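There are 2 protein chains.
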Amino acid sequence: MEERPYVSWDMMNSFMIDVFKACGVPEEDAAICADVLLESDRRGIESHGCNRFKPIYIDRIDNGTLLPVTKMDIVKETPTTVVMDANNGMGMVASWHMMKKLIEKASVYGMAGGAIYNSTHYGIAGYWTTMAEKAGMIGITGTNARPSVAPTWGVEPMMGTNPLTFTMPTDEEFPFNFDCATSIVQNGKIEYYERMGKPTPENLVITKDGGTMTDSHEILKQMRAGNCALLSIGGAGEDTGGYKGYGFTTIVEILSAALAGGPYMKELSGKDENGNNKMYRLGHFFFVINPEFFMGLDTFKATAGGILRDLRASEKAPGAERIYTAGEKEWIAWQDRKDKGVPVSESVQKELLALRNRFQLNYTFPFE
Amino acid sequence: MEERPYVSWDMMNSFMIDVFKACGVPEEDAAICADVLLESDRRGIESHGCNRFKPIYIDRIDNGTLLPVTKMDIVKETPTTVVMDANNGMGMVASWHMMKKLIEKASVYGMAGGAIYNSTHYGIAGYWTTMAEKAGMIGITGTNARPSVAPTWGVEPMMGTNPLTFTMPTDEEFPFNFDCATSIVQNGKIEYYERMGKPTPENLVITKDGGTMTDSHEILKQMRAGNCALLSIGGAGEDTGGYKGYGFTTIVEILSAALAGGPYMKELSGKDENGNNKMYRLGHFFFVINPEFFMGLDTFKATAGGILRDLRASEKAPGAERIYTAGEKEWIAWQDRKDKGVPVSESVQKELLALRNRFQLNYTFPFE
Chain D
1 MEERPYVSWD MMNSFMIDVF KACGVPEEDA AICADVLLES DRRGIESHGC
51 NRFKPIYIDR IDNGTLLPVT KMDIVKETPT TVVMDANNGM GMVASWHMMK
101 KLIEKASVYG MAGGAIYNST HYGIAGYWTT MAEKAGMIGI TGTNARPSVA
151 PTWGVEPMMG TNPLTFTMPT DEEFPFNFDC ATSIVQNGKI EYYERMGKPT
201 PENLVITKDG GTMTDSHEIL KQMRAGNCAL LSIGGAGEDT GGYKGYGFTT
251 IVEILSAALA GGPYMKELSG KDENGNNKMY RLGHFFFVIN PEFFMGLDTF
301 KATAGGILRD LRASEKAPGA ERIYTAGEKE WIAWQDRKDK GVPVSESVQK
351 ELLALRNRFQ LNYTFPFE
Chain Y
1 MEERPYVSWD MMNSFMIDVF KACGVPEEDA AICADVLLES DRRGIESHGC
51 NRFKPIYIDR IDNGTLLPVT KMDIVKETPT TVVMDANNGM GMVASWHMMK
101 KLIEKASVYG MAGGAIYNST HYGIAGYWTT MAEKAGMIGI TGTNARPSVA
151 PTWGVEPMMG TNPLTFTMPT DEEFPFNFDC ATSIVQNGKI EYYERMGKPT
201 PENLVITKDG GTMTDSHEIL KQMRAGNCAL LSIGGAGEDT GGYKGYGFTT
251 IVEILSAALA GGPYMKELSG KDENGNNKMY RLGHFFFVIN PEFFMGLDTF
301 KATAGGILRD LRASEKAPGA ERIYTAGEKE WIAWQDRKDK GVPVSESVQK
351 ELLALRNRFQ LNYTFPFE
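Chains as they are written, first to last, in the numbering used here: chain D, 1 to 368; chain Y, 1 to 368.
Bear in mind the hints are in silico, worked out from the structure with no lab data behind them.
No experiment lies behind these values; they were computed from the predicted model shown.
There could be a bad hint or two in this list.
Said to hold, decoys possible - Here are the computed lysine to aspartate or glutamate pairs in the EDC-like style, where the Cα-Cα straight-line distance is at most 16 Å:
1) Y:K329 to D:E238
2) D:K134 to D:D298
3) Y:K266 to D:D310
4) D:K134 to D:D85
5) Y:K266 to D:E315
6) D:K316 to Y:D209
7) D:K329 to Y:E238
8) D:K189 to Y:E238
9) D:K198 to Y:D209
10) D:K208 to Y:E292
11) Y:K189 to D:D239
12) Y:K208 to D:D209
13) D:K266 to Y:D310
14) D:K21 to D:D73
15) D:K189 to Y:D239
16) D:K208 to Y:E321
17) D:K101 to D:D85
18) Y:K316 to D:D85
19) Y:K329 to Y:E172
20) D:K266 to Y:E315
21) Y:K316 to D:E238
22) D:K134 to D:D310
23) Y:K76 to D:D59
24) Y:K189 to D:E238
25) D:K316 to Y:E315
26) D:K21 to D:D85
27) Y:K198 to D:D209
28) Y:K208 to D:D171
29) D:K54 to D:E346
30) D:K76 to Y:E292
31) D:K301 to D:D171
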């Protein structure tokens, strides 16, 4: 890993807010978006943090596929459910307001569910489920995304990498937080292998002839050309459970679109038939479950914590140092980073400087 | 596959009911249990059908670890939630009454959730979610089970094969029905490989030294001795997404125990410290989501059906005949079997005859 300078959390937060504001995002919304992006860095999930600030958000506001002002239409609302049209605004802003509503509903009714359509990238899925967890509840969410995953026995990129995310309260210092794609890896992991000059493990990607590829540079090239696809957890075929991963990816594809009646799969490519940019029109779903309507939050936390401690204490494979539970590595990353700030790679440094200069903002970064 | 004689659905159903009754199960409950077991055969899931009738249900009633009369205590109930103590009675009976309640609640409130503890094997998880689907709703369920699955970087059997099951309505002749363990395979699949004289694929099982085994006979022997464990989807380590499968298995372990405050993992072994049988005390959870409280059932069905049709029509790998969606193979099995009846293997034939003779029931099977 390259040695990267750190930028303080406060500085990065206010810089991001100022840039979002300069792009036309209202201040309150800008604060939400900056917090979602930085939460990813706080957890050490570098694929969804400040590295995405420019390419996934600022560039898309620039090219018109992401509207800085989020017009949220509540299309349907009941005591336990909400359907929202995000009108191609900021997916993070729409999701924040959705979760606020659902947590309120679940505090009164015990259960709540929501669906958003015509949305855009909503950041790390685990941010939304953690909002529920911080309120003492279980959060579940998923989102569709542009097509890149092939079904079992197929080779065509059809579904998104579709995370199915759960965060649950425990009696420990950090929650159970399971936040990942239902594909084995995402694009970002293959880009990482390429940067490290490493091959991609076999059976993560399927080619049109049904084979696999391991040359990371070549995979990225063929992915862009639509000539290969990612595989869901379990890999190709059925022998190693590939149809199970495929099932999970499909569940997320259905729930993300069908509750709200939004678009799906090929309709989410972000390109029209002539290859021009168009709105992504993503869909997300959210469920909140309040343990107080079962045997109570304390019971839930103690039981969940007991399970996680027993798992960590179980017999390790020779050479394995440690058994982790979901969310633990993220908490460790935060312990390491909380006093240091955000590590910023060379390419992100350049992006930040360019944005500062473009918007004539008054920041001097420690890496200058 | 051996050539197996068929027994008519009606005959098998009334035979199972009569045997359950002879064991002390009330008639109404016996009808539920027979229907759950036969639904597995109807779907072609032979690991959970009439082959389990004697070993998992009758034998356990005999040895006292399954009580034929199911005393169901509602420990907590709110407009959207139920917690039930099944008092070590029939898990299928408790689950049936739970789902009836939740469907009623979700028809009024849109969302409902339930947890059962001190339960026993509840049959195919997909039976419960299909009850919701038949009522026009989404069903989600999971259950814990005796420990057999190791966490990532671990080798000790800690968690059950923990299914995480979703059934969702579509506009097709059959629903989306995803019903399977979160481990790559279950015991039953390895038994199948052994019967066929085939090796088990690599990386489905982990040994104490962190390696894998492929000798199916030896795997079963070592599993019984606790010397190896099953792996969650994605396999050992992290490179092929093993931590994701491990995450899903853990989610089911937590929800199955923590909502109700019931026991978990090693406590569910069915054996006390002296190796004597004890109650299994399993836990299950259930969520029901009513699409009418979102954009409506018709919208949900059309969108889900559209996704599934597009997946099936997508480009196939060379040599692949067909792309399936979850639940399709089960529907195909039913088309083949509905007029023929239940195929009964030689070992099951013997069990049925022994039960008939033991309880002096007036049945003559076609295979006699």
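*Contradicted hints - numbers only*: 4, 9, 10, 12, 14, 18, 22, 23, 25, 26, 27 and 28
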